[in-house]
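Student: Put chain B on the given structure of chain A with help from the hints.
Next come the chains, spelled out residue by residue.
Number of protein chains: 2
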Amino acid sequence: MEIVSSVNELREKIMTWKKQGRKTGFVPTMGYLHEGHLSLVRESKRRSGVTVVSIFVNPKQFGPAEDYKVYPRDLERDRALLQREGVDLIFYPPVEVMYPEGYKTYVEVEDLQDRLCGKSRPGHFRGVCTVVLKLFNLVQPDEAYFGWKDAQQVIILRKMVEDLNLPVKIVPLPLVRDHDGLALSSRNTYLSPDERRAALVLKKSLDLAERLILDGEKDAHKVREKMIELIAAEPLARIDYVEVVNLNNLEPVEKLEGEALIALAVIIGRTRLIDNLRITSGGIEK
Amino acid sequence: MEIVSSVNELREKIMTWKKQGRKTGFVPTMGYLHEGHLSLVRESKRRSGVTVVSIFVNPKQFGPAEDYKVYPRDLERDRALLQREGVDLIFYPPVEVMYPEGYKTYVEVEDLQDRLCGKSRPGHFRGVCTVVLKLFNLVQPDEAYFGWKDAQQVIILRKMVEDLNLPVKIVPLPLVRDHDGLALSSRNTYLSPDERRAALVLKKSLDLAERLILDGEKDAHKVREKMIELIAAEPLARIDYVEVVNLNNLEPVEKLEGEALIALAVIIGRTRLIDNLRITSGGIEK
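Going down the list, the sequences are from chains A and B. So that you can map any letter, position 238 of the first sequence is 237 in numbering that gives the first Met the number 0, and since no number is skipped, the others follow by simple counting. So that you can map any letter, position 260 of the second sequence is 259 in numbering that gives the first Met the number 0, and since no number is skipped, the others follow by simple counting.
Take the hints with a grain of salt, since some may be wrong.
Identical copies carry no separate label here, and so any pair may be met within one copy or between two of them.
[Stated by the list, open to error] With a straight-line Cα cutoff of 27 Å, these simulated DSS-like cross-link-like pairs (lysine-lysine) come out: (1) Lys254 - Lys103; (2) Lys44 - Lys168; (3) Lys103 - Lys148; (4) Lys168 - Lys18; (5) Lys59 - Lys168; (6) Lys168 - Lys22; (7) Lys221 - Lys203; (8) Lys285 - Lys254; (9) Lys22 - Lys12; (10) Lys148 - Lys118; (11) Lys44 - Lys17; (12) Lys225 - Lys285; (13) Lys221 - Lys254; (14) Lys18 - Lys44; (15) Lys168 - Lys17; (16) Lys203 - Lys118.
I should point out that these hints are in silico values taken from the structure, not numbers from a laboratory. Bear in mind the structure is a predicted one, so any value in this text is a computation, not a measurement.
In isolation and in its complexed conformation, chain A is listed as follows (with noise of 0.2 Å):
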């Protein structure tokens, strides 16, 4: 496994495969790995010859009062986990290749970037697109591995992949949860033990929409009701948003029947966690 830093060095490694006419599977990260990243990682494996994972915070995805410095960082272990998996190259640029002095290009989707994490993180999916497609002209996968825990972000670079007519298969995979029932991020470090035993209200919520649903309630709003009151009966819990919408446009669905999504993001303590749950043809996902 090769770790490079440089645009010249990446492109040298991408050409050579792709004369060789091997699969590129490709997993964008912003490191400290976690189980989530590593479903992605093996699946990649399974599915494609090579398998590039980049390690790169991205500031464009951050706002002002974001955690964009402390966000936790660790290169060797994440080497370690990567080495483990048998991955082919990591790819680990220092900003000032990603966005040298002078940099002007941005990505955006419109309207879908703007509704439930978009609002309370603006700019935050401009971010993400243009980094992403950065990385894709770079690294040109046949694939790429994204984790339906970032249900907003799969939707989005769906769409921008379809607009762009990039030539990319976005492959998104399951969310991936701790034993407690918790998400999986790598922002969950920051939380306190106190915190730890709070933040498991997003996933009761969503446990308790899919009981709801499953007994049959239609209404998007009753179920939305339940969960905000499940929430805010835990103290340290602080509601950013619970909603119900169209997995394609995001716009919110009233009556529940067909595709949608369910989607939160709650405050504990000073962490942001968000969760979701999918309704599609083949049952409920979460």
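Tutor: What follows is chain B alone, placed relative to chain A:
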């Protein structure tokens, strides 16, 4: 020579050529071709194994009060011209193939897009960048050819390619003029005989600038004033802008030393025409 209108047909052809390892040259156009376009096609033919030309009048780069609907179109004429040049493929997509219902994704090059033509044509370069990025993703060319006629477009697209790490090289080629000096443009067809004569004032003002500079004038302000004076004396002409700017960042320059761009837009009757002169280490080009 084939004409294809669908993304799938195009992708199939491109894939075949890629597998054969043929270098692809690409000339994106809005059709109604003139010698300016054909000079790009010839350079692509000279440098590439395969030459693809797109013909697409891009609605996203026209403002609501602009000439999208009346922009000249003549596919049969264009087809004959490109056939004669030995072009391999014309991509001629309908609008709904490029922008299906619900299209939402846009690319912007901040700052550069707001200068010169961007001031009077808000959204124009956003539309240009978006369609060119889409076409690059579809055609996957090694090189793409653009005329210096649209100097700001060249500078913005070069920046987009650099910022987004696109694996394509922008090749700008000299502006082509008619026998009387008027810069070739599909929009020249809008001009009445009187307007056509008046339109020569753009080139004349650049000739004047060149003479002043060759005579040692270093004050950008003075050069600009003389040009404006000359154009103002033409009753059919109305100045949109005359600017002397840095050739890379398009910021106004005070002193003419090193590289610079003198660009102007003038409305003749109801037709907006542009022209420019570039000062580089190689001398003055116009």
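Student: Going through the earlier hints one by one, which of them does the structure break, listed in rising order?
Tutor: none
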